[in-house]
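Asks: Residues per chain are reported as follows:
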Amino acid sequence: MPVEVVIKTLFILIVVVGAFAPVITWVERKQSAVMQDRIGANRADIAGIRLIGLFHPIADVLKLLSKEDVVPQGANRVMHLIAPMIAALPAVIAYAVIPFGGVYQFGELTLSLVVANPDWGLLYIFAIGSIATYGTIIAGWSSNNNWSLLGGLRASAQMISYEVTMGLSVVGVFMVFHTLKLPDMAIAQDSTFRVLGFLDSLFGISTPAWFDWIRLPSWGIFFQPLGFLIFLTAVMAENKRPPFDMPEGESEIIAGFHLEYSGMRFGLFYLSEFIEVVVIAGLIATIFLGGWSVPYLPQETLIGAITPVFGIGFATGVCLVLHVITFFAKVIAMIWFQMAIRWTLPRFRYDQVMDLCWKILLPLSIVNIFATGLIILLFEG
Amino acid sequence: MSASVMLFYAFSIMAVISALGMILNVRNTVAAAMSLVVTMVALAGIYVLLGAHLIAVIQIIVYAGAIVVLFLFVVMLLNLRSDEFAPSRQRWLKIFATALGVVVLAQLLRLLEGSLPVTPPLPEGYGGYRQLGIALYTDYILVVEMVALLLLAAIVGALILAKRKID
Chain A
81 MPVEVVIKTL
91 FILIVVVGAF
101 APVITWVERK
111 QSAVMQDRIG
121 ANRADIAGIR
131 LIGLFHPIAD
141 VLKLLSKEDV
151 VPQGANRVMH
161 LIAPMIAALP
171 AVIAYAVIPF
181 GGVYQFGELT
191 LSLVVANPDW
201 GLLYIFAIGS
211 IATYGTIIAG
221 WSSNNNWSLL
231 GGLRASAQMI
241 SYEVTMGLSV
251 VGVFMVFHTL
261 KLPDMAIAQD
271 STFRVLGFLD
281 SLFGISTPAW
291 FDWIRLPSWG
301 IFFQPLGFLI
311 FLTAVMAENK
321 RPPFDMPEGE
331 SEIIAGFHLE
341 YSGMRFGLFY
351 LSEFIEVVVI
361 AGLIATIFLG
371 GWSVPYLPQE
381 TLIGAITPVF
391 GIGFATGVCL
401 VLHVITFFAK
411 VIAMIWFQMA
421 IRWTLPRFRY
431 DQVMDLCWKI
441 LLPLSIVNIF
451 ATGLIILLFE
461 G
Chain B
442 MSASVMLFYA
452 FSIMAVISAL
462 GMILNVRNTV
472 AAAMSLVVTM
482 VALAGIYVLL
492 GAHLIAVIQI
502 IVYAGAIVVL
512 FLFVVMLLNL
522 RSDEFAPSRQ
532 RWLKIFATAL
542 GVVVLAQLLR
552 LLEGSLPVTP
562 PLPEGYGGYR
572 QLGIALYTDY
582 ILVVEMVALL
592 LLAAIVGALI
602 LAKRKID
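If you're matching them up, the sequences are chains A and B in order. Residue numbers in the first sequence follow the working numbering, run continuously in steps of one, and reach 461 at the last position. Residue numbers in the second sequence follow the working numbering, run continuously in steps of one, and reach 608 at the last position.
Hints listed in this document are in silico derivations from the structure and should not be mistaken for laboratory results. A few of these clues could be false.
As the list claims (entries may be wrong) - The calculated PhoX-like cross-link candidates involving lysine-lysine, where the alpha carbons are at most 25 Å apart (straight line), are:
#1 A:K439 to B:K604
#2 A:K439 to B:K606
#3 A:K261 to A:K88
Only chain A is shown next, with the shape it has when bound in the complex (with noise of 0.2 Å):
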């Protein structure tokens, strides 16, 4: 069992760290050059190769850790160590509840593609993301400067503001799957519901039988169109990326928390802020996209149809293998659909971020609550 749970934990740490982290910070300048109608980053070679610009994020890193760690006067020295550290590793210990696959039977072995499975999968994820806020109020605090001073106290309000929102959107999730573990969440969405069968087990309308011909996955963004909405807009601020991206303000406080951060140390900021994108993207992909799931193949429709010509061992392998590449197909979507987010939208003034937080997302997600619930007493009742 810990051989097991070893190899899953180094396969996702390879997997989002070491390959998808540092070639996405490749993507965002690749992607915002084609987006303005510019080449990019393209420059970096080895022995010629240029490869689209992918060895950047090597150029990246040999510059970060080549360079001079600064740490500025006056400034309290452990603080500012440790703040990147306290950054940094919630993003990188929050993929420990997300699945990446579902569960499979090999003979006597079950092999769930998951590090851990508690209880409370989804709580522990807030749990993480609450404490990643130390990390951008430390940096702010430590630094001795009146602008990183600033942002670390705006990145304190946006976070909190939007913990709530972010915690109170899902709410309508648990409702519909009944659970809060991820992997549960993820089997639950292998399959598919009518459209139309509110018709009939509504209002008793008798419909035609070609009517349950007309199929969804039950995927959790069509049970929960606003909550996804509401969810998608508080992860994306908790991230403190453009649109929101109030704690760093360029335009405003210079750059806000990370202002008197040089080399790796501010590169582990930078890093963290991108695996937060492949976390926001698995989360999102597993509570609202379904997860590992083929849409319109059920893991038992796939086993079932390719054993009877393999074999049940060769199936579940081939099942196990579409499951990952589903996933993680999944997650660049919506790590792209985040780019392009950053990429169009103009940021917000300050007080419009907590106006929005406040204002219009907290109500709407209690507002969501309620409707869910109504819907289910009526549907179940």
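Given chain A, work out where chain B should sit, using these hints.
Replies: Just chain B, lined up with the frame of chain A:
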């Protein structure tokens, strides 16, 4: 020593050291607040060992993640210098605090004398959100409603106080 006992001692030592760090860091309020965070996290670890998983997560989300952030927010907003934290001159407060400390310590030592009662094994799902939710919304619904009312009154009070300053 089993793993859970070892973890218990690790979390306990962490909690005690960080709690001391909070008290002794009089001159650096931010460091004191961060020590408080570590205390909260260590307590959450002890809650997990006791089987109270939900309380542990709530402890981190609410106390470590939200309330101490608000403390920090206020501390940083006021931006107090260390010389504004002169040791308290109120002698009676010191005497009272010392007496209270001695009483609590005596109680703890008294507890350590006798052997702890053997508890029956925990029922299935103990400390989970389902059990807690069912208990809160059936047996203790009156208490929950009273707390909700209290919180509502506090919110309205805070709004009135804040509004008076704006007007």
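Asks: If a hint holds in the structure, say so; if it doesn't, say that too.
Replies: We went through each hint and held it up to the structure:
{"no.": "1", "hint": "A:K439 to B:K604", "verdict": "holds, 17 Å"}
{"no.": "2", "hint": "A:K439 to B:K606", "verdict": "holds, 21 Å"}
{"no.": "3", "hint": "A:K261 to A:K88", "verdict": "holds, 18 Å"}
In terms of the numbered hints stated before, the structure departs from none.
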